[in-house]
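Given the structure of chain A, go ahead and fit chain B onto it with the hints provided.
Listed below are the residues making up each chain.
Number of protein chains: 2
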Amino acid sequence: MILADTQPVVAHQAVRFEDGLLLDCGVRLRELTVAYRTYGRLNEERSNALLVCHALSGDQYVAETHPLTGKPGWWEAVVGPGRPVDTRRFFVISANVLGGCMGSTGPRSPRDDQPEAERTLLWGTDFPPVTIRDMVRAQKRLIEHLGIARLFAVLGGSMGGMQVLEWAALYPDCVFAAVPIASAAYHSAQNIAFHEVGRQAIFADPEWAGGRYWEKGKVPARGLAVARMAAHITYLSEQALTRKFGRRLLSGPSLTLFDDLFEVESYLRHQGSTFVTRFDANSYLTITRAMDFFDLAAEHDDDLARAFAGSRTRFCVISFSSDWLFPTPQSRAIARALNRAAANVSFVEVESDKGHDAFLLDEPAFHRTLSGFLSGSATAAGF
Amino acid sequence: MILADTQPVVAHQAVRFEDGLLLDCGVRLRELTVAYRTYGRLNEERSNALLVCHALSGDQYVAETHPLTGKPGWWEAVVGPGRPVDTRRFFVISANVLGGCMGSTGPRSPRDDQPEAERTLLWGTDFPPVTIRDMVRAQKRLIEHLGIARLFAVLGGSMGGMQVLEWAALYPDCVFAAVPIASAAYHSAQNIAFHEVGRQAIFADPEWAGGRYWEKGKVPARGLAVARMAAHITYLSEQALTRKFGRRLLSGPSLTLFDDLFEVESYLRHQGSTFVTRFDANSYLTITRAMDFFDLAAEHDDDLARAFAGSRTRFCVISFSSDWLFPTPQSRAIARALNRAAANVSFVEVESDKGHDAFLLDEPAFHRTLSGFLSGSATAAGF
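As given, the protein sequences belong to chains A and B, one line each in that order.
Numbering-wise, the first sequence is residues 2 to 384 according to this note's numbering.
Numbering-wise, the second sequence is residues 2 to 384 according to this note's numbering.
Isolated chain A (complex conformation) (with noise of 0.2 Å):
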């Protein structure tokens, strides 16, 4: 067996710690490798670092040309000189979530519970299954390796979200300001189920081979490219998919089962295709799984307030009108759970029709959110 790597490699920044770290699980990774990427500048107080923490299919490279698909970062909309999240003014930091595929320990590492001379062997899907815990305390590690004892702020959308409300929840004395955009405290039945649906199309794809697809230097491109479209419906709304594509026909009535007829079906095949060329299925696997068992409240005696009890954070809970993904009520869920901790919250629920996929789209209203919350909070800092 060989560590054969079927996506293009690509050298990342990261940062190594031989100590490792115990997951959530009970399994102790023996070592953990956490890639990032750094935007602006560290002040001489280092009060104005900035964690941004990326959803499913999102990675560190945010606001910077992406090494494999050699496009814009996923969030140059907001990250960036005068941007929402503004490089002059605060040091923005973005890690590849652990169980990812660009960089950080996951499922395309070599395994490291083998003798040191079988560590060609990759994890595969035998790496253990990871939390949106796991996942912030591999954040921590990197946040004290760049020298920050409190980030001023941490904020992202959906699965980042759900990473947003863990660090506030698990290091409520590292977190100034906290930004849970588009998400939920937990990952819901129909999220689980449209998830399963994504899973199972990977499995049924001959090429995953039980998950050894690396050993065979092969990719389950076409189960991946199933779940990656599944999901992409749901970031997308109804009113949205319309005014994009409607009923709009590429060509006339054909005589075949086969060919895109809808614009939108010639959509969708192109979203499946290009993930693939960027993303693991192993990784998809294990990402889908952390998001599924998400669920802070349970983490703290069923009561969500707990999970904020004496919190000193400020936070600001936004969501989108046409989100069904992460509907606003699942944020409201937040804010009141916040409310009864008594924190410091405000709630804004951004009027789009763009659906879940808003909060990565050019959103003026979310923008100026956004904007105004960080910018009076770094007053409120002292910076």
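Take these hints with a grain of salt, some might be off.
Identical copies look the same in the list; a pair holds intra-copy or inter-copy alike.
When the alpha-carbon atoms are kept at most 25 Å apart in a straight line, the in silico SDA-like pairs for lysine to any residue are as follows [as the list claims (entries may be wrong)]: (1) 245 / 328; (2) 245 / 333; (3) 72 / 40; (4) 245 / 334; (5) 245 / 302; (6) 72 / 272; (7) 217 / 383; (8) 245 / 292; (9) 141 / 381; (10) 245 / 298; (11) 245 / 189.
Hints are computed from structural coordinates only; laboratory data are not their basis.
Coordinates of chain B only, in the frame set by chain A:
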């Protein structure tokens, strides 16, 4: 090549039309078989016939044990003695749709565009694309064969509702009353997108073999199961899923990625795996395509009201409040078009948290609405 059938062989009650059917795509089927079932008794005036149109995954076994699954008929809650569609009063007819896999002409039928000697080939993926209108034309042949000039009522949910609308538009003088339930006058971009995911899941299954799985005695079971799972989520509401399963675990956290962890996953897997024992993948492709093509206004100068111009049919349009696949605004648009056409229409949105599936379930407010409308209409029809 042989006429291998990978599903259990069942003899269906059917009528065969030797003169075939000219399809919207321009292809003429040289012969047309329509499999059907009836319940109740046709009265002497032949005025009490009611046609039930089935949905994507339904069939003609409306109110009796299904011959393949051994389970009750899919609409036994609605059709039967003393039920809203009372078989003591109405003569109920239901036909397997054109393109289906329960005895009507479809991808499982021997292809008829070859010399007689080569008729052992199945249509498979080469079955020509059919439309909702083609399905209705085939049903019309059956109704004529049964000696019925005018149907007392046509009703159906989801794709069944599309057929109801097409019946009313195509044969207005043959439909006394029409009940489209949880349906729409066109298939939305989002719904096309969900169908496309299902089709891609089938295409991705190597057992599908370019649609020629018949010849190999195989079935693309995994792809079809994934398609069914994805579709099934869209039939339920978030509330229904949460009530049924919430985040309940089947077992404790597991160290593997493949286990069923949440009850909702186990349920979905079961839905997927049982579906493939009774449904044909190429039929699934054909029928989803027919739904995607459906756009009744487009057949009438882009004005839905014109589809019903001068109609004397009594309409009862029914939607369910938590149905996000065929949401209430789509039913309301039908009602408004009928109003513009000065047609006789009542529109009812039934409060329900069961999602699209509500039309199949024990939903008393829906049953009262249906029963009241049919009973009043029967009196008006004079029987």
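Hint numbers contradicted by this structure:
The structure conflicts with hint 7 only, although it agrees with all the remaining ones.
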